[in-house]
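Trainee: Residue-level listing of the chains:
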Amino acid sequence: MPIAQKISTVHPSGDKRFRMLAATMKRYQYAPDALIEVLHQAQELFGYLEEDLLLYIAHSLKLPPSQVYGVATFYHFFSLKQKGAHTCVVCMGTACYVKGAANLLATLEQQHQIKAGETTSDGQLSLVTARCLGACGIAPAVVFDGNVEGHQTSESVIRRVEECLYHGS
Amino acid sequence: MDLEELNAIASREHHKQQKTCIRCCTVGGCLSANGLAVKEQLEKAVTEAGLGKKVTVAGVGCMGLCSRGPLVRVDPQGTLYDRVTPDTASEIVASVNNDAEAIREVEGLSFEETSKACTPRPLKISPSQYQPNNHPFFTQQLKIVLENSGKIDPEKIEEYIAADGYQGLGKVLLEMTPESVIETISRSGLRGRGGAGYPTGLKWATVAKAKSERTLDSRYNGGNPHNALSRKFVICNADEGDPGAFMDRSVLESDPHRVIEGMAIAAYAVGATQGYIYVRGEYPLAINHLQKAIRQAKRLGLLGSQIFESPFDFKIDLRIGAGAFVCGEETALMASIEGKRGIPRPRPPYPAESGLWGCPTLINNVETFANVPTIIRKGADWFDRIGTEKSKGTKVFSLAGKVCNTGLIEVPMGTTLQQIVEDMGGGVPDGGKAKAVQTGGPSGGCIPAAAFDTSVDYESLTELGSIMGSGGAIVMDETTNMVDVARFFMEFCMDESCGKCIPCRAGTVQLYQLLTKIREGNAFLTDLEKLEEICDMVKYTSLCGLGQSAPNPVFSTLRYFRDEYLALISD
Ligand SMILES: Cc1cc2nc3c(=O)[nH]c(=O)nc-3n(C[C@H](O)[C@H](O)[C@H](O)COP(=O)(O)O)c2cc1C
Ligand code: FES
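In order, the protein sequence lines correspond to chains L and R. Our numbering applies: residue 1 is where the first sequence begins, and numbers increase by one. Our numbering applies: residue 1 is where the second sequence begins, and numbers increase by one.
Since the hints were made in silico from the structure, they are not lab data. Do not rely on the hints blindly, as some may be mistaken.
To be verified - Computed cross-link-like contacts, DMTMM-like style, restricted to lysine to aspartate or glutamate with a CA-CA straight-line distance of at most 20 Å:
1. LYS211(R) / GLU353(R)
2. LYS340(R) / ASP122(L)
3. LYS292(R) / GLU37(L)
4. LYS53(R) / GLU91(R)
5. LYS115(L) / ASP495(R)
6. LYS143(R) / ASP381(R)
7. LYS16(R) / ASP153(R)
8. LYS340(R) / GLU51(L)
9. LYS433(R) / ASP477(R)
10. LYS26(L) / GLU338(R)
11. LYS517(R) / ASP477(R)
12. LYS115(L) / GLU338(R)
13. LYS44(R) / GLU5(R)
14. LYS171(R) / ASP381(R)
15. LYS62(L) / ASP75(R)
16. LYS124(R) / ASP164(R)
17. LYS530(R) / GLU564(R)
18. LYS81(L) / ASP33(L)
19. LYS340(R) / ASP33(L)
20. LYS62(L) / ASP33(L)
21. LYS156(R) / ASP87(R)
22. LYS16(L) / GLU50(L)
23. LYS171(R) / ASP313(R)
24. LYS26(L) / ASP87(R)
25. LYS378(R) / GLU520(R)
26. LYS530(R) / GLU520(R)
27. LYS19(R) / ASP164(R)
Every value quoted in this text rests on a predicted model; they were computed, and no experiment measured them.
Using the sequences and the hints, build the whole thing.
Mentor: Structure (structure tokens):
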């Protein structure tokens, strides 16, 4: 364990975020079962999981890189690619679907010329879908930069995305 | 902490609570509808009106009627206001002010007399048409799991204690043996609320009897050296994956201590000292409230070592899911807690014998645990009297889709779908007609309107080709195409299949393509035969529940809405 500790506190890049990630790993005593918690924290700090970052985590937790990569790619929540500056998540769960979520998604796809799961070429907007946000009581629900909003219509989603893009949420 | 201290906290809290309390929902749907701003405005208006000493404003959990949020209730009268905005919030305070004066003037009169004596100033806001004391949405409910939801502040352990919280745990630790706890739960007839309805008492008894052959390194127990020898685990399944269901989210956000108390009672009964709550990453507020609740319980000595000065130690850690439906399946969930890919394994061995790190493990759903404290407090016989012959107690449903009143309801088992959809839900908006209700999510089925007189219990729903599931109830109207619904769920299962077994991995893709072909009008009758054949194959040969139940939505729509399939097929 002492070796792992030494490696994690000093990262050659000098990036402070690595220090914070190391603190998380230390809190979990570098236990291999903390991998998912560590990946959560890493994604929160860095926005997405770069290959270099995955290697660093594998090294610190003494896990084979294949296992870290396997876990990171298994769960939808982890992203190995950089996301746009703003994100819009359209819920495609059953309740929202029944209330016309597919139309909302199609509207946004057309408006911004991207498909669900893609980011606009200027890196400004990522359009994502979700499987139920637990906001089914106010379906259809859409998340604009982290804020869940209910009872959406084609007009309201277009307007809200514009607001996010041009006025920052 | 001992019982005396617990009672002292409760009575201090009772004293502190003012007569008049304005409660504002600040979780779930109401939060998304600006509930926090409403609460802030209420507080400001109360201060400005100089009512600070007489009226409290409290942020509480879910009141149920999510479609009309943000909701505000004025207690003790229980008057409900809906679609409240920061503007109308001040009006509510003004109306309370009217009442408060009237009540003061006529103190000593009965409640009816008091309300008659009030002559309120004209106000711009009127109470909601949905009043808790007379609207069927509320009056047909029976609340056990949700008894504190919308009443207490979920972020304050004292309020939970004042509502008889942790009394059940105290009773169990000081007066009962583990065997008698299990006996009580068995006798109550409680069955798992996570979907399959397995008798909870039986599961607990199996884990209690199981012997662990492994000793674990303390690293695997969150590093607590006290737990180095802990060889049994209790897990709360809060990975609510069924799209369209939000009961567990609401319970965790509105009353997290109830789940913690239930887990602690279970741990004592089965002999575990370490618990995990596996909660969906999509529920940030539930995670936040759980973290707070665990911290508070630790501070008061209700979690940790020697709880209630007994030899019982118990600790709970959170594990945050990362968005994989299959992780709701118990063996996949445990793989995920171990930090691995969430892939299921064949059972047996069941988790009760060999679960987390090969140790005997009890795994129950959020709602199952939430029932436990009340059963212990009120007794098995009390619980046994609620519900039907084989399904005891109540069930929480999240009512959503094409129905006027969407939200959370808790009804006694045996309530009919008719009551749920038409009376409580208020039917389909704009005069439409309900066509079916979907229960059980991707593992369930669609129940046609003609069968709405069925009572809701585990057996009846299974007979109709659906399942109780975790409690999602999505209403569909005449505009919903049932082939589309089947295709929607198949797409879900195809995406969420973990890929370990071939029938599920490849079968769901084939089924999805066939359903797409039918939906687009390019299919022949032979395709329909092929569809049924592959459904059977996937059902009987898949490894875990995901694959085994993936064809259910197809089976049930074929059973009740075959004409919609045939209408799309050229012969
Ligand atoms: C594909 C699949 C998904 C499941 N998802 C959940 C879930 O989200 N929540 C849950 O409590 N149980 C879920 N279950 C059921 C669990 O495997 C397990 O039976 C349940 O947690 C046991 O708790 P109970 O006895 O209290 O019902 C799922 C099962 C399968 C096969
Ligand atoms: S289905 Fe969209 S929030 Fe539940």
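Trainee: Hint by hint, where does the structure go against what was stated? Just the numbers, ascending.
Mentor: 2, 11, 12, 13, 15, 16, 18, 21, 24, 25
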